[in-house]
Amino acid sequence: MVRPPVCRAPCQWRRVHLCCAHDLSAVSSTTTPNSMSVRVRFAPSPTGYLHIGGARTALFNWLYARHTGGTFILRVEDTDAARNSQEAVNVILDGLRWLGLDWDEGPLTADATGTSKGDRGPYFQSQRKENYARRVEALLSRGLAYEKDGAVRFRMIREPVLIRDLVVGDVLRALTDREEQDPDFVIMRSDGSPVFHFVNVVDDLEMGITHVIRGEDHLSNTAKHVALFQAFGVEPPKYAHIPLILNADGSKMSKRDTGAALTYYMENGYAPEAVLNYLCLLGWSSKDGREVIPLPELIANFDLPQILRHNARFDHEKLKWMNGEYLRVMAPDRFYEMSVHALARAGVDTNRFPTAYVKAALDTCMGKLRLFSDLPAYAGFYFTDRVELDADAKAALTAEARERLAKLRDAYNGVADFTAANLEATLKETAKSLGVKNGVLVHPTRFACTGKPSGPSLYHLIEVLGKDRALARLDAALAS
RNA sequence: GACCCUAUCGUCCAGCGGUUAGGACACCGCCCUUUCACGGCAGUAACCGGGGUUCGAAUCCCCGUAGGGUCGCCA
Numbered sequence: 004m005v006r007p008p009v010c011r012a013p014c015q016w017r018r019v020h021l022c023c024a025h026d027l028s029a030v031s032s033t034t035t036p037n038s039m040s041v042r043v044r045f046a047p048s049p050t051g052y053l054h055i056g057g058a059r060t061a062l063f064n065w066l067y068a069r070h071t072g073g074t075f076i077l078r079v080e081d082t083d084a085a086r087n088s089q090e091a092v093n094v095i096l097d098g099l100r101w102l103g104l105d106w107d108e109g110p111l112t113a114d115a116t117g118t119s120k121g122d123r124g125p126y127f128q129s130q131r132k133e134n135y136a137r138r139v140e141a142l143l144s145r146g147l148a149y150e151k152d153g154a155v156r157f158r159m160i161r162e163p164v165l166i167r168d169l170v171v172g173d174v175l176r177a178l179t180d181r182e183e184q185d186p187d188f189v190i191m192r193s194d195g196s197p198v199f200h201f202v203n204v205v206d207d208l209e210m211g212i213t214h215v216i217r218g219e220d221h222l223s224n225t226a227k228h229v230a231l232f233q234a235f236g237v238e239p240p241k242y243a244h245i246p247l248i249l250n251a252d253g254s255k256m257s258k259r260d261t262g263a264a265l266t267y268y269m270e271n272g273y274a275p276e277a278v279l280n281y282l283c284l285l286g287w288s289s290k291d292g293r294e295v296i297p298l299p300e301l302i303a304n305f306d307l308p309q310i311l312r313h314n315a316r317f318d319h320e321k322l323k324w325m326n327g328e329y330l331r332v333m334a335p336d337r338f339y340e341m342s343v344h345a346l347a348r349a350g351v352d353t354n355r356f357p358t359a360y361v362k363a364a365l366d367t368c369m370g371k372l373r374l375f376s377d378l379p380a381y382a383g384f385y386f387t388d389r390v391e392l393d394a395d396a397k398a399a400l401t402a403e404a405r406e407r408l409a410k411l412r413d414a415y416n417g418v419a420d421f422t423a424a425n426l427e428a429t430l431k432e433t434a435k436s437l438g439v440k441n442g443v444l445v446h447p448t449r450f451a452c453t454g455k456p457s458g459p460s461l462y463h464l465i466e467v468l469g470k471d472r473a474l475a476r477l478d479a480a481l482a483s
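Take 4 as the starting number for the first sequence in our numbering and just add one per residue.
Worth flagging that the hints you see were computed from the coordinates, not collected in a lab. Do not rely on the hints blindly, as some may be mistaken.
As the list claims (entries may be wrong) - Distance condition first, Cα-Cα at most 25 Å in a straight line; then the derived DMTMM-like pairs of lysine to aspartate or glutamate:
id : residue 1 : residue 2
1  : 371       : 406
2  : 258       : 238
3  : 431       : 395
4  : 151       : 140
5  : 470       : 320
6  : 258       : 393
7  : 435       : 403
Using the sequences provided together with the hints, build the complete structure.
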C-alpha cells in the first residue's frame, strides 16, 4: 500500500492526505489492498434504546467499511451489568437490522454468551474480563499504572496530546485545570471492573480496529486513548470524530426528545432506506450535490474527507419529504406490506377484506403519502362499515346538495360496469343535466363516501369501494 | 473554572482568495388537477461581530461573541 504523504500544515490538503488510505481520485471504485484492510466498529452500550445519533455513527462506520471493502464489527459495551439486559441488546440489534446495517463480525444473538461470527471475539465486553485483567497487569508490571485505594490508575502523560483527526484535523489537547491537579485516571475500579476508556482501547487494539469513527463528544477523551495505545506500544487507530445531531432548536438531543430513538421511526411510518438516506445528509454531502441517493451510490460516494465539522440540527420536515420520495418509488408488494402494518397499528383490520380489495384500495394511495402513519386517516374509510361524517361534511350536505346527490345516486345505480371511467362520465353527465359544475357534485360525493374533504382520486376510490358499498354510503349520507 | 470543537438563507448542504453567494427542505405566488399529493414556473431568505493579511476575504490569521463537547471508581 502506498501511503500518501502527510501534509503537516493545517491546510486544505489535510482533507486529501490524511484521508483514509485509498486514492481519492477514483472515488467510486477503489478498494484498499488487503494488507491494509479497514476494520471499523460500532460499539454501543445497551441502554435500552438506540439514539438516532448512534444510529448515524453506526451508519457512517458501515458505509466506510462497505466503501473500502473493509470489515464492519459490532461490539457490545455491556460493562455496566446493572443496565445490561438481552432486551436492551435486542433494541440495538433490531435497530441495525432495520436500517440494513449488517455486521461482518459480532454477536448473532442478544445473549452475551451466545454465538457470534468473527475470530476476534468475544464481542461482548462482559465476556472479555480476562483480556482486561491481563492488560492491566501488563501496565502495572511496567510501572505505567499503579494501585490506589484498591483501584488501578493509569499514569497519564502530562504534555498536551496531539490527536490527528481525519475530520477535525490536528488537535492539540492540553490538560484542563482539574487534570493539572491529577492527570492520572482510573482504568480499573476497586471492585475489579474495568472502565470505559480502558476497555474501549483494549478492544480496539485486540480487534485490530484501523479507524475509529465516533461522535465528537469523544474528541477530548481521545487524548487518554492515544496515551493508552502508546503505553501498549502500538500506533493508535486513525480517528474520525463526526459532528453531533442536535434538536431543531439547537439543543442537545436527549432521550426524552421526540425522534431521539430509532424506534420512533420504526414505529411511525418511516421507510428505513429514507431514514438511512436522510441520516447521511447530516454532516455529509455527495460531491454531485444530489440528496436522494440509492444505497449503492451512497456506498460508492461516501467518504470521510467530506464530513463536516459542525453539528447539525435534525429537520423532521425534510425527513418526511425524503420518506415520501422513497414511498413513491417503493415496490408495490413492499408498499402493501408496510401499509397493512401501519393500518394494523392504528387499529384498522384489513384482514376482514379480500386481498384484492386491500391491494386495490392501497393502489389509490400509492405516491400520495409521506408517512405510512398518515395512511389510517387517509384511507381508513376503505376498511370501515360506517363512514363518520365530520362537521365540514355535514355542513356541505345542504338540502340542495342532497337533492343533487340523490340524482347522482340514482344515476350510479344504473351504471352496470362500475369503473372509474364510467363513474366519471356519469357524474359529468349528471352535473350537466343539473346545470352545475362538476365540483358541485364531486365534493358532497367525496364527503358521503369517505367523510373527508380530501383523499384518493374520487372515481377510483368509488370503483374500489364497489357498487354496493358506494350506494350504501350515498344512501347513508342522504339519510343523515 | 479549565480544555477542545464549531459558526453561509428558518433548517440541511455547496463554496477552498476574484461567483449576480448555488442547491434541497420549509414557506409564498401562479399553472396543472374532482380532492390531496406529484409535477412545472417564479419568489422571499444567509456569509455572527471587530480587527488584520491581500490589489481583492464567505474563503487565510487574531480577538470577541454564541453554540456544542469534555474534564467520574458513567458509557
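Those earlier numbered hints the structure runs against, lowest number first: 1, 2, 5, 6
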